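Q: Please model the complete structure; the sequences and the hints are all you need to start from.
First to last, the sequence lines map onto chains Z and P.
According to my numbering, the stretch in the first sequence is residues 397 to 489, in order.
According to my numbering, the stretch in the second sequence is residues 34 to 247, in order.
Because the hints were derived from the structure by calculation, they are not lab data.
Predicted model only: the values in this text are computed from it and were never measured.
Yeah, the Cβ is synthetic: ideal placement off N, Cα and C, and Gly gets one too.
There's no promise every hint is true.
Unchecked claim - Reference listing, derived: stretches of chain P covered by chain Z, where coverage requires no fewer than 3 residues with Cβ under 8 Å from a Cβ of chain Z:
id, region
1, 71 to 80
2, 93 to 101
3, 141 to 150
Each chain is listed here by its residues.
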Amino acid sequence: MAARPARPQLFAGAGTTTGASRADVEIDARAGARELRARSRPRSRSAPIGGPSVLTDQVSQRRNLPKRLEPGGVARDVAVRRRVAARLRAAGR
Amino acid sequence: MAAERRDEQGRDGGSPDVVLDVSRVAVEEVVMQVDTLHARIALDARLADLVHLHVGADAEVTDVSLELKGVDAEAHLRAHLDNVVTIFDRALRTVDEHPDVLVELAHTVAETTEAVAGNLTALGAGGNGAGGEGAEAPVRALTGGGAEAAEAGGGDEGGEGTAGDGGGEGGADEGGGEPRAAQRGGARSRGDGGGARSRGNGGGARARGRGGGR
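A: Here it is in structure tokens:
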């Protein structure tokens, strides 16, 4: 039986939080692929919600992904991580 | 007190109150076509007009048409409510020790509402045709009290989210949760949280292959 191709390495650390930087609300997602073929140019946005009383923290990481995916383009061993977190400023922590 | 309640329940102070963990998904091949995918987690908690906490995160992707091979993914969503409890505890203690705060607040709200309603009425009277009539709805919302007023004060988030009744539901129970509770000084709390809300219009994703979840 043929060996299965290796899985892409994802960014380490997703889903882990420390007490010092613990957010009140947090979304953390990672994804990777051995090969990615774009049929169209995707658009995405993500942002914290909250006013001046909210501290925000954002992380964006990409590997082997061009800034803009062009239709028909192929990228290999790609990975992306996005973390959006928000914390209430007047928490007294 | 929040801290005492946690101890009684034997909970670790650092544990999140809402957790959604997709620890790992592995799929050999995915053909993905998405017009719009919108995910949102938000906590919206309000104590009369004294405290309003709104915190969360929002994500959206559109026009996605991708073919992926050898896919690995993971996602984590967490919400901690202890800060909200702490802030509300402080606010309620302040109200408890200084109830005159609410009286002052009620006066301010009444004056502001009357002023705004007066302006809108003047606009309505001065307008012509549809413009004048259109101004009446906000006047009713501001002066009518009850559900209409509460909705008007709730902002745009009020229209959305049902997903999170998990997050802030406790506050609603304690405070009565009725729209008029805000005017009586009751605590009202609502959370979109607990729930990433996602909406997809059309398209969809097909997955096949040897991977599967693990």
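Q: Give a verdict on every hint.
A: Hint check:
1. 71 to 80: holds (count 5)
2. 93 to 101: holds (count 9)
3. 141 to 150: violated (count 0)
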